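**Q** Listed below, chain by chain, are the residues.
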Amino acid sequence: MEISRRETLALCLGAAVLTMMPFRANAAVEDAISAFTGGADVAEGGVTLTAPEIAENGNTVPIEVSAPGAVSIAVFAAGNPTPGVATFNFGPLAASQSAATRIRLAGTQDVIAVAKMADGSFAKASATVKVTIGGCGG
Amino acid sequence: MISRRDFLQVSMAASALVGASGFGNWARLAAQQSLTQDQLLEFETFGNVSLIHITDIHAQLKPIYFREPSVNIGVGANKGVVPHVTGADFRRLYGIADGSPSHYALTSDDFAALAKAYGRVGGLDRVATVINAIRADRPDAILLDGGDTWHGSYTCLKTQGQDMVNVMNALRPDAMTFHWEFTLGSDRVAELVEQLPFAALGQNIFDAEWDEPAELFPPYQMFERGGTKIAVIGQAFPYMPIANPGWMFPEYAFGIRDEHMAQMVEEVRAAGAECVVVLSHNGFDVDKKMASVVPGIDVILSGHTHDALPEPVLVGETIIVASGSNGKFVSRVDLDIRDGRMMGYRTKLIPIFSDVITPDPQITALIDEQRAPYLDEMSEVIGQTDSLLYRRGNFNGTWDDLICDALLNEREAEIALSPGVRWGPSLIPGQDITREDIFGVTSMTYGQAYRTEMAGEFLKVVLEDVADNIFNPDPYYQQGGDMVRTGGLGYRIDVSKPQGERISNMTLLKTGEPIDASRTYVVAGWASVNEGTEGPQIWDVVESHIRKLGTVTVQENTNVDVVGV
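Chains A and B supply the protein sequences, listed in that same order.
Numbering-wise, the first sequence is residues 1 to 138 according to the numbering used here.
Numbering-wise, the second sequence is residues 1001 to 1565 according to the numbering used here.
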C-alpha cells in the first residue's frame, strides 16, 4: 500500500511514512542470517544493540552495535525488502568491537545484530523499532 | 456559587501521607466538614530536603475548572492499576468519601454539580501562596517544573510563551524540563531558555545531526540543600518529533535513552549525589518502566500524562510522584537523606482550590499585567453552553465532540478528526464560552484546520496506528496521549488486540454504512504535524460554529464501542 503525501495530512500524524503496519519477519531474513552464520547455532547475549523504541524518522534511524570479542557484526532489518543492512569487520588491532550508523526502515520491524566471535561461535541481539505516523502528546 | 465563608464549612480531603502507609485521612477530614487554607497546607515537615513539583500547567495562569477522566484504560502490566483507575474505584482505593472535595478534585462523576459547590481550581497566584508556605517551612525547598508550561492559552500563544516565562520566573523554580515548549520553534525556545535564571534540563535532548547531548540543555543540576547533595536529572518528552511537528525543531532528537539516563545516574552518584531525582516528562507508565530498568533513582517527579495521584507509587526503591495538570495541584515531597541514601519520604498532593487559597497579590498583579493587552479580545463571549464541556478520557470528550461538529459543518466534511491531547480546561453548564475558553482547548502553533480526502483503508491505518501509541502493552512504545477523536465516524475497538486488529465496525454515521476501504472520504481535521498544512485556524472554525449555535448542547457520544478492557 502506498500513501500519497496528500493522504497523510491527518491530525498529529507524522511525516509521510510509506507503510504503517508492522512488518512480519520474512523468510528472506532467515536466509540472510544463515548465509552469514553458515547455518550455525546463534546464542542470545554478548551483543548490545542500541536502537530507538520509536523512530523519529524511519528514513534515518540511528543504531549502535557492540560485541566485545567479535570479529564481525552483521545487522539485518527483518522487514525491509532487502534485510541485509551492513556487516562490520574488526581486525585484531581494533580497539573496540562496536559501530554506529543510521539505517532506513520500511516500517515497524525487528532489527537484528548477529556477531561472529573469534572462536567461530555466533551471538545475536534484536530490538523492535516502531515506525509510526504518530500519536498525540498529552 | 458558594461564597468564601460557606466554603469553610465544606469538607476537605487532603492530609500528609506518610510513606506508602495507606490513605484514610481524607475521608476523616471530610467528615469534619471543614476546608481551610491551613488544612490544605498542613504538613509535618519531615527529613532534611523538600521538593515542590508542578507540571503540565499548559499556561493556565488563572483559576479554571478541570474534569479528570472517567475512562483511562491500562494495558499489559498496567491493566487496572493506578493511574488507570477512575471514578468510584479510585475513591474506594484511596478511601475518598463521595461528594468530598477530593472526590471533586480527583475523579469525574457529578463533576458539574460539585464544580458549582467547590468552585474553580488552580491559578498561579494561588500556587505562589502554596510555594511560599512550603518555603516558610523549608526555605531551601527545590521547586521543579515538569514542562508543558509555555503552551495552552490565548496569551501564551500571542506572546510566544513570554507571559509564562515572566510569571514562572517570579515563582523562582530551580529547574524545568520540556515538551510543548518546542512547538514554539527551536529559535524561540533558545531565546526563552536564555532568559531563565534556572536550569533547563534534558538528558535525552540530543543534537539531531551528531546524536550527542545538546549543549543548551544540560542533563542534570546538582543542588546542595539540607546538608546533602541532590542531583536533579531532566527527562524531556521522548517522542517530540513524532507527536508534534519535528520540522519546528529539526536540530533536536529525543527518545527515552535509558542507557544514557543510567550513565547520568552513575555520573551524579560519583560526583557525590546522595539523592537522585528525575524531573520527567515521560508519562506515568513510561516512568514506571524506567524506574524498573534504570537503577539508582530515588524519586521520579512524573509529568505528561496529567495523572494526579494522592500517594506515590513505589517501583523497587524508587517513588513516582504524579502531580496532575493545568495548575490544579502542587506536590510537596519531603525526603530524609542520610548516609548516602533516601531513608524515608512524606508526600502530599495539594489541590489548589482557588476559593480557599488566598492569592499572592504580587503574582496576581503580574498575571494581570500579562493579560491586560489581550483582555478585551479574549473576554469576548462567543456563546453559552448547556452541557459540561471537557476533554479528558481515552476516547472522547464533549469539547472534542463540539470541535468535530465544527469541522464537519464549517469545513463540509464527512469525517472529522481531532487530536487526542489531554490539555484544555472544562466549562460547566450555564457558563459563557469566551474566546479565551476556545483557545484553552485549541491554541497551538500549528492549528490549521485541513480538509482532505482519505481512503477508507487509510482511515483504518490511522486509527490502528494511533491506538497502538496508547494501547501497546509495552509502555516504551506508548506516546501518552489519548485516542484520536472522530466526528461522523463510529468504530469498535478491542484494546486487548495487537496493532492491525484493534479497530473494526468502522461506520460512516451520516449514512450508517460501513466504511469502504477503497472509497475516499472528505476528512477535516487539525494539528497536522506536516509542514505546509493549509486551512483556517481551528479556533476560528470553532468560534464560527459556536456563534451560529448560540447555545451549545452536546449529546452523549456512543459512537465508539470499547471492548477487551
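Everything labelled a hint here was simulated from the structure, so no lab data went into it.
For clarity, every value in this text was computed on a predicted model and none was experimentally measured.
Fair warning: there could be bad hints in the mix.
What the hints assert, rightly or not - Cβ pair distances, simulated, as ranges:
id, chain 1, residue 1, chain 2, residue 2, range
1, A, Thr60, B, Pro1139, 25 to 33 Å
2, A, Gly69, B, Arg1519, 55 to 63 Å
3, A, Ala100, B, Ala1270, 21 to 29 Å
Claimed, not checked - Output of the computed footprint for chain B on chain A, the stretches with three or more beta carbons under 8 Å from beta carbons of chain B:
id, segment
4, 47-53
5, 56-66
6, 124-133
What the hints assert, rightly or not - No farther apart than 20 Å at their CA atoms in a straight line, the calculated lysine to any residue pairs in the SDA-like style are these:
id, chain 1, residue 1, chain 2, residue 2
7, B, Lys1062, B, Asp1368
8, B, Lys1289, A, Ala127
9, B, Lys1497, A, Thr128
10, B, Lys1460, B, Gln1431
11, B, Lys1289, A, Thr50
12, B, Lys1062, B, Asp1516
13, B, Lys1062, B, Met1378
14, B, Lys1460, A, Gly107
15, B, Lys1079, B, Glu1513
16, B, Lys1460, B, Val1381
17, B, Lys1062, B, Glu1380
18, B, Lys1460, B, Gly1296
19, B, Lys1548, B, Ser1379
20, B, Lys1460, B, Asp1516
21, B, Lys1289, A, Thr128
C-beta atoms are modelled at their ideal positions from N, C-alpha and C, and glycine is treated no differently.
**Q** The structure should be examined with respect to each hint, and the outcome stated for every one.
**A** Now for the hints, and whether the structure bears them out:
A beta carbon spacing of about 49 Å between Thr60 of chain A and Pro1139 of chain B contradicts the range 25 to 33 Å that was offered as a hint. Range check, Gly69 of chain A to Arg1519 of chain B: about 58 Å between beta-carbon atoms, so the 55 to 63 Å window is met. At roughly 25 Å, the beta-carbon separation of Ala100 of chain A and Ala1270 of chain B lies within the given 21 to 29 Å, and the hint holds. Beta-carbon proximity to chain B at under 8 Å applies to 3 residues in the segment 47-53 of chain A; the threshold of 3 is reached and the given coverage holds.
Under a criterion of three residues with beta carbons nearer than 8 Å to beta carbons of chain B, the stated coverage of the segment 56-66 of chain A is upheld, 3 such residues being counted. Beta-carbon proximity to chain B at under 8 Å applies to 4 residues in the segment 124-133 of chain A; the threshold of 3 is reached and the given coverage holds. The straight-line distance between the Cα atoms of Lys1062 of chain B and Asp1368 of chain B is roughly 9 Å, inside the 20 Å bound, and the hint therefore holds. Pair hint Lys1289 of chain B plus Ala127 of chain A holds up; C-alpha atoms about 17 Å apart against a cutoff of 20 Å.
Under the criterion of a C-alpha separation no larger than 20 Å, the hint pairing Lys1497 of chain B with Thr128 of chain A is consistent with the structure, at around 18 Å. With a C-alpha separation of about 37 Å, the suggested pairing of Lys1460 of chain B with Gln1431 of chain B is violated against the 20 Å cut-off. Between the alpha carbons of Lys1289 of chain B and Thr50 of chain A the distance comes to roughly 17 Å, so the proposed pair stays at or under 20 Å and holds. The suggested pairing of Lys1062 of chain B with Asp1516 of chain B is violated, with an alpha-carbon distance near 47 Å, which exceeds 20 Å.
Restraint check for Lys1062 of chain B and Met1378 of chain B: satisfied, since their Cα atoms lie roughly 13 Å apart, inside the 20 Å limit. Under the criterion of a C-alpha separation no larger than 20 Å, the hint pairing Lys1460 of chain B with Gly107 of chain A is consistent with the structure, at around 16 Å. Note on Lys1079 of chain B and Glu1513 of chain B: the hinted pairing is violated, with a Cα-Cα distance of about 34 Å set against a maximum of 20 Å. Straight-line distance between C-alpha atoms of Lys1460 of chain B and Val1381 of chain B comes to about 38 Å, which puts the hinted pair past the 20 Å bound.
Between Lys1062 of chain B and Glu1380 of chain B the CA atoms are separated by roughly 17 Å; this keeps the pair inside 20 Å, and the hint holds. For a cut-off of 20 Å, the pair hint linking Lys1460 of chain B to Gly1296 of chain B is broken: about 43 Å separates their Cα positions. Distance restraint check for Lys1548 of chain B and Ser1379 of chain B: the Cα-Cα separation of roughly 18 Å lies within the 20 Å cut-off, and the hinted pair is therefore satisfied. Our distance criterion of 20 Å between C-alpha atoms is met by Lys1460 of chain B and Asp1516 of chain B, whose separation comes to about 10 Å.
Distance check on the hinted pair: Lys1289 of chain B and Thr128 of chain A sit about 17 Å apart at the alpha-carbon level, within 20 Å; holds.
Checked against the numbered hints given earlier, the structure breaks hints 1, 10, 12, 15, 16, 18 and satisfies all the rest.
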